[in-house]
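There are 2 protein chains.
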Amino acid sequence: MSVRVTFEPEGKAAFVLPGSLVLEAAARAGIIVDTPCGGRGTCGKCRVIVRDGCSPLNDTERERLTEAEIAEGFRLACQAKVESDTIVTVPDTSRFFEQRILTAGEGARICVNPAVRKRLIEAPEPTLDDQRADTDRVLDALGGDALTIDLEAARQLPTALRADGCRLTAVTHGDNIIAFEPADTTDHCFGVAFDVGTTTVVGSLLDLSTGHEMAVASRTNPQVSWGDDVIARISHAGSDGGLGELQASVVGCVNEILDELVAHAGLTREAIYEITCVGNTTMHHLLLGLDPSHVAVIPFPPVVRRGVVLPAADVGIAIHPRGRLYTMPNIAGYVGGDTVGVILASNFAERDEPTLAVDIGTNGEMVLGTRERLVSCSTAAGPAFEGARIQFGMRAAEGAIEQVRFGEDVAVSVIGDAPARGLCGSALVDTTAGLLRAGLLEPTGRLVGPSEVPEGVPERLARRVVDVEGGNAFVLAHAEETSLDGPVLLTQRDIRQVQLAKGAVRAGIEVLKAELGVGDDDIAAVLLAGGFGNFIRRRNALRIGLLPPIEHSRIHFVGNAAAAGAKMVLACTDYRERAEAISREAEYLELGARPDFQMHFAEAMMFPEDE
Amino acid sequence: MSVRVTFEPEGKAAFVLPGSLVLEAAARAGIIVDTPCGGRGTCGKCRVIVRDGCSPLNDTERERLTEAEIAEGFRLACQAKVESDTIVTVPDTSRFFEQRILTAGEGARICVNPAVRKRLIEAPEPTLDDQRADTDRVLDALGGDALTIDLEAARQLPTALRADGCRLTAVTHGDNIIAFEPADTTDHCFGVAFDVGTTTVVGSLLDLSTGHEMAVASRTNPQVSWGDDVIARISHAGSDGGLGELQASVVGCVNEILDELVAHAGLTREAIYEITCVGNTTMHHLLLGLDPSHVAVIPFPPVVRRGVVLPAADVGIAIHPRGRLYTMPNIAGYVGGDTVGVILASNFAERDEPTLAVDIGTNGEMVLGTRERLVSCSTAAGPAFEGARIQFGMRAAEGAIEQVRFGEDVAVSVIGDAPARGLCGSALVDTTAGLLRAGLLEPTGRLVGPSEVPEGVPERLARRVVDVEGGNAFVLAHAEETSLDGPVLLTQRDIRQVQLAKGAVRAGIEVLKAELGVGDDDIAAVLLAGGFGNFIRRRNALRIGLLPPIEHSRIHFVGNAAAAGAKMVLACTDYRERAEAISREAEYLELGARPDFQMHFAEAMMFPEDE
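One line per chain: the protein sequences are G and L, in this order.
Under our numbering, the letters of the first sequence match residues 68 to 678, in that order.
Under our numbering, the letters of the second sequence match residues 68 to 678, in that order.
Hints are computed from structural coordinates only; laboratory data are not their basis.
By construction, the Cβ of each residue, glycine as well, lies at the ideal position given by its N, Cα and C atoms.
Some hints here could point you the wrong way.
[Said to hold, decoys possible] Estimated spans, in silico, between C-beta atoms of each pair:
hint: 1; chain 1: L; residue 1: P388; chain 2: G; residue 2: T252; range: 29 to 39 Å
hint: 2; chain 1: L; residue 1: T73; chain 2: G; residue 2: G383; range: 52 to 62 Å
hint: 3; chain 1: L; residue 1: D212; chain 2: G; residue 2: G211; range: 19 to 29 Å
hint: 4; chain 1: G; residue 1: D307; chain 2: L; residue 2: G383; range: 45 to 55 Å
hint: 5; chain 1: G; residue 1: G308; chain 2: L; residue 2: T73; range: 27 to 37 Å
hint: 6; chain 1: G; residue 1: G319; chain 2: L; residue 2: D251; range: 36 to 46 Å
hint: 7; chain 1: L; residue 1: S276; chain 2: G; residue 2: G210; range: 33 to 43 Å
hint: 8; chain 1: G; residue 1: T252; chain 2: L; residue 2: P249; range: 45 to 55 Å
hint: 9; chain 1: L; residue 1: P249; chain 2: G; residue 2: G319; range: 42 to 52 Å
hint: 10; chain 1: G; residue 1: G211; chain 2: L; residue 2: G584; range: 58 to 68 Å
[Said to hold, decoys possible] Where chain L lies over chain G, by a calculated footprint (3+ residues, C-beta under 8 Å):
hint: 11; region: 361-370
hint: 12; region: 374-386
hint: 13; region: 489-500
[Said to hold, decoys possible] Computed from the model, here is a short list of chain L residues facing chain G with C-beta under 8 Å:
hint: 14; residue: D203
hint: 15; residue: L357
hint: 16; residue: A363
hint: 17; residue: P366
hint: 18; residue: F367
hint: 19; residue: P368
hint: 20; residue: R606
hint: 21; residue: E657
hint: 22; residue: M666
Please put together the full structure from these sequences, using the hints given.
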């Protein structure tokens, strides 16, 4: 039922329903196409090359593209719809700014200024007239009186210095020389950026001399065996030996990803001199072996807020023995370095008009503001959107219905094109919005029963409304379409979970707006980040009231912005200063302590009357 | 034959021959009395309290001391001679400046500004209105945005912070917080200063809140089992696994001394947050596990010159797990941190007139200059003065003749008042000088034979001149006075070794003088430092030509100035800056590369014709 769209040059693929925009398919594949106009077709920025398998050129595209471009196969990603399996090439110039910064060859816009640098030393050889110490010889050659040398590097120096006639390479991290390598290895410098999610850990190998991404690998965070959410992890961390287990578990996962990345690139682990990590505050604490227990107890203080630089070996991460680890600073106990990464990648530092960033993962974090002032908050909204507490809920894995389109019947797209075994968050939003539009779900959240189906509802749709033990339900996949013993349903109880989850996110947004005195019309842009944010249909998110009623075209996908932030601070230390400023200056609103949150929450539980 | 002199308040004792100055006995006990006038009795600075057992008050003392002082038992250490067992109290005000700095209660002159500090934090407890991270809470309380926190300290923080209601103690090292301790432990801060000698390792435990020395302990450097001198050690370091063996060996010794010190003071090793080490460049390298092999090969470059700060645990030293080690900077491959310590403790930074410091240990290091310019050099002079290559030579241990006085016969003082089994360096100088004065040794270094004894030599002296296999010799202890099967002799061959050793030191001094264009009369002070330097009789050192013909009163003992330097940099980081400046600015003259050294050496082999 789905079609395969492969994106070049990465070779990443996504399965989507026929009729989906190329733009959405790209987001699904983790490729964020730049859409300054919000996909209205007015800016012409989202040009991609498609050979066939798409809808015919429309008038908007004819207006925005030159004849030469059309001849080359250019299309607008916000206009072209996928019809069958196809291959799409996304030029660097069409990519979202902060992703492009790391991958493009445009020159001026690439910021490559990593903390780890390699510098060639060509020093004179020792003589009786020049008896300088080996370390002075290299420090003088580097002109670096402010540099210090790690003891283990100093131990290597006599040999490295004499291997090639006082020609050698110093590896520096900030003001520290952390290693020496014989001869000239300056074009061989690598780092890995990690996004340590509650559910998934992703690593990206970067060439630190160019900023280019060489490989990406991911794994399920093995801590899930101690629970799906941060509260379960914190609870286990408080048990005897639990903190050590959780730390060893995630570090093992990081090391496996490192192995995969270096194998893919034909490197060794010792070639990696730095890694950066973003994650929520609990993931951050567990990675560093910091006790997160107070994050779970009022008033929820984290142990560490600021960014941390330390030898990666100190936490068991096996890169070069003296390689370093930088962890993104946090903002508060429930707004972590992942949100700082989102703020960084979303370029709030240059936003003059109020912008809202929403990152829905296992938790939901929201940030509203401008370069002048940022307010943030967090809700435990995520679990429902990640499949938790939904009867047939599951993560976005093979067999998950991930897209649902309503018409005469429902059309569903299943990940891996397999028989359905459940539904993930984006399908949950699609279905809820579809049911509202079809009149099968009331604004109060009540699902109609088989006998209450309004007139005019197509028959095949109406037949999906069923009455099961415990209440009304809607059939997303009939028993014969699933790998289960029965159908995949969305139940009344599930709808209540959706109401709670979307209500919490929306109420958080309302509190942020109230704090800044900002109305819906003042919000220049809504940035949807994170695993879930990338896959929801904007129109459907608006329909269920997850987002305030903001013009569709002002809603943008920014991909895994947290991971993009990790790559940015890896490639360029300038971003670390910005991250520290964000961490220091962004305000955190404790929703539980605000009476207005309860009021907004009660209101936001309802679904909007109409679009 | 010797008498015991006990010095208070330390309780340290020395055995000396009757008739020795209290000043000399004090030096022997490692207590350096201040003698700005060089012991001429003109300054009255060296006042000590002696109850009895000394020569009667002389006119000089009557002139310098008030009647009240005389009534209290005050004497001048440079005038009073020991006659029998006695107890001497040395007031702080009479001590050598740089020793006094660490032990006195005088206020203004004490520099206590250690790298390790304890600071009390009294922070507000977390609330919903104050959700700061634990680390921010303590950093804000310390007003320290520049401070960083060691990961392991951050791991301790949640517990330490809550143990006593946000009242806790931060242990800082420079800008690093290395530990937290619950409640207020600010009056409990300790460090140990080590002098890591080729032969002996000495540790001094200091209370870092006052600068007071609490205990001293020493051990033979166990590396002696791989050879007496640095060349033998370097050679072993080059063998398979040798460097690791040597490092583990000296670190084991340091740890044993630490155990003894903390046991003596009723502390634990974890209470020690910093140690400092001085040592020659080879000892420094072996302690840090740096390959010293190039120090032994022309052009002799060390690996590291500058001072190094690192976690003590990185080299296996077992103080607090995050305690630090500071190693004194070196000057060159053969002028190490011990010499920097001597320069520091000898206060060259305030010397306007040319001063010569001579530190004779296993090696001999010499420094000449002023605050403006310092030149240094090194010779392998030491072994003879430490007993090596002398037939009955031995270190200054029990059974060693350590003082020899010539009269109608020779009177010897044996360490431990035991039967003699050899002689140490100070006795070697005494004997050589005595033989020259008695006419039994010619300026060329030829010992007379039994048939050549000049007229007028007392009979008992003359009988000590003997003819043994291999040449003439002089009997220092007759067979019946020794624990050996025969007598303790000084042989013609031994005299040749003395000539080589003293010739090398003296030639080094002459090269330094020539380099600076300084004559003997320009040298305002000669400072004798180190184990050997403290025990030689100045007049005898002058007689054999070890030192240039400089007025006796300008020669001062400065004790174990290298160890004093280690204590200074432990107690006060201001001295570390001064040490780094000395290391950077002091010039090193490679004697082997200078033709004038050979010329001076040939000349300095001879003994002076007369006093």
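Comparing the hints with the structure gives:
| no. | hint | in the structure |
| --- | --- | --- |
| 1 | L/P388 with G/T252: 29 to 39 Å | 35 Å, holds |
| 2 | L/T73 with G/G383: 52 to 62 Å | 56 Å, holds |
| 3 | L/D212 with G/G211: 19 to 29 Å | 25 Å, holds |
| 4 | G/D307 with L/G383: 45 to 55 Å | 31 Å, violated |
| 5 | G/G308 with L/T73: 27 to 37 Å | 57 Å, violated |
| 6 | G/G319 with L/D251: 36 to 46 Å | 41 Å, holds |
| 7 | L/S276 with G/G210: 33 to 43 Å | 40 Å, holds |
| 8 | G/T252 with L/P249: 45 to 55 Å | 48 Å, holds |
| 9 | L/P249 with G/G319: 42 to 52 Å | 33 Å, violated |
| 10 | G/G211 with L/G584: 58 to 68 Å | 36 Å, violated |
| 11 | 361-370 | holds (count 7) |
| 12 | 374-386 | holds (count 4) |
| 13 | 489-500 | violated (count 0) |
| 14 | D203 | 5 Å, holds |
| 15 | L357 | 6 Å, holds |
| 16 | A363 | 12 Å, violated |
| 17 | P366 | 5 Å, holds |
| 18 | F367 | 6 Å, holds |
| 19 | P368 | 5 Å, holds |
| 20 | R606 | 37 Å, violated |
| 21 | E657 | 6 Å, holds |
| 22 | M666 | 18 Å, violated |
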